[in-house]
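Just so you know, the protein sequences line up as chains A and B, in that order. When we follow my numbering, the leftmost residue of the first sequence carries the number 1, and every step to the right adds one. When we follow my numbering, the leftmost residue of the second sequence carries the number 1001, and every step to the right adds one.
Any given hint might turn out to be false.
Claimed, not checked - The calculated label-pair distances, taken between Cβ atoms and stated as ranges, are: (1) B:GLU1121 - A:LYS26: 16 to 26 Å; (2) A:GLU53 - B:PHE1069: 23 to 33 Å; (3) B:TYR1113 - A:LYS60: 41 to 51 Å; (4) A:LEU50 - B:PHE1122: 44 to 54 Å; (5) B:ILE1053 - A:ILE90: 37 to 47 Å; (6) B:LYS1057 - A:ILE43: 36 to 46 Å; (7) A:LYS23 - B:LEU1142: 31 to 41 Å.
Unchecked claim - Covered stretches of chain B (in silico footprint by chain A; criterion: 3 or more residues with CB under 8 Å from a CB of chain A, positions within the stretch not fixed): (8) 1013 to 1025; (9) 1036 to 1045; (10) 1059 to 1066; (11) 1092 to 1102; (12) 1107 to 1114; (13) 1130 to 1138.
Quick caveat, the hints were computed from the structure, so don't treat them as lab data. Note that CB positions come from ideal geometry on N, CA and C, so glycine has one too.
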Amino acid sequence: MNWILLSLIAMFFNFVVFILIRKLTKRMSSSVMSLYLFGISAIYLIITNLILEESYSMPKIAFLLLTTAGLAGSIVYLVLYKAISIAPNIGYPVAVFSLHIVITTIISALFLGTSLTLIKFIGVIIAAAGIISLILWK
Amino acid sequence: MESSKHSWLKLTLISLLFNLILYPFVKYSNNLGVSSSVALVMYFVFASLGMIIYHIKKKTNLKIDKKTFAIVILTTLFMLVTNLSMWQAVVIAPNIGYPILITQASMILITLYAAIFQKEEFNIKKILSVTLIFIGIVIVML
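Isolated chain A (complex conformation):
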């Protein structure tokens, strides 16, 4: 499957997740919800990968990077939820956080040697501006 189709699938299911998360946040705190979602996802994927006999052998550096990414992930959610809870408008932290799309695109081109044409970079900027304005104007 190509990356565009995979991204569009992710976009649609991200929308479904958002609707369900809105329901969940009325029933439980965001930090407890995150623990359940991440924990159950981990258990489900471990079982699936066992069935599919996926190999977990990897270079030490990859293990270190992914461990760091996981721990960073917990910090991202816990700290962002805290910021949302104290901000005068919940849209502000989410809008600032959305800047990660543009920065990640630049980091990818600078440090991972991936491609980035000027026209596509303009596309990223336009779409990110749309996302941020949509959040702030909500």
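Fit chain B to the supplied structure of chain A, relying on the hints for placement.
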């Protein structure tokens, strides 16, 4: 008021900074031969560990009722499809930012859903924002 403003901004920037390492690390690990599903397991396991430590320290009550648990299970399934698709796209896309952008463009669907089913106002500002997102992702996908 001023201190509160700085606090949320500081926290958001910390969160942003930590988030910036995530996808480059996944892409780099994939270059070293780690599949996106294995990388996702590692991510979920260690993120959960971080959250467990936080909740133990905070002595949070983690009990939830059966209906909430059912919604959690359903959300988890959809979240897994989202993440598996996006992570797979991240490792094969020409730039890791593109799939992240397209996934975040679900804001268009969320806005339309709110306007149609929740009768939320769909004003000129929202139309302009949705149009910008749409134009942006079309350019990225070309």
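Evaluation of the provided hints:
In this structure, GLU1121 of chain B and LYS26 of chain A meet the distance hint of 16 to 26 Å, their C-beta atoms being roughly 22 Å apart. At about 30 Å, the beta-carbon gap between GLU53 of chain A and PHE1069 of chain B stays in the expected band of 23 to 33 Å. Against the hinted window of 41 to 51 Å, the Cβ-Cβ separation of TYR1113 of chain B and LYS60 of chain A comes to about 45 Å, which satisfies the hint. Between LEU50 of chain A and PHE1122 of chain B the beta carbon distance is about 47 Å. The supplied range of 44 to 54 Å therefore holds.
Distance hint for ILE1053 of chain B and ILE90 of chain A: a CB-CB separation of about 26 Å, inconsistent with the stated range 37 to 47 Å. Checked against the hint of 36 to 46 Å, the C-beta distance between LYS1057 of chain B and ILE43 of chain A comes to roughly 23 Å, which is inconsistent with it. Hint check: LYS23 of chain A to LEU1142 of chain B, Cβ distance near 36 Å, so the stated range 31 to 41 Å holds. Counting residues of the stretch 1013 to 1025 of chain B whose C-beta sits closer than 8 Å to any C-beta of chain A gives 12, which meets the bar of three, so the coverage hint holds.
By the rule of at least three residues with a Cβ nearer than 8 Å to a Cβ of chain A, the coverage given for the stretch 1036 to 1045 of chain B holds, with 9 such residues. Coverage of the stretch 1059 to 1066 of chain B by chain A holds [criterion: at least 3 residues with CB-CB distance below 8 Å; count 4]. Evaluation of the coverage hint for the stretch 1092 to 1102 of chain B: fulfilled, as 11 residues show C-beta separations to chain A shorter than 8 Å, against a requirement of three. Evaluation of the coverage hint for the stretch 1107 to 1114 of chain B: fulfilled, as 5 residues show C-beta separations to chain A shorter than 8 Å, against a requirement of three.
Check result for the stretch 1130 to 1138 of chain B against chain A: holds, 9 residues qualifying (beta carbon to beta carbon below 8 Å, three or more required).
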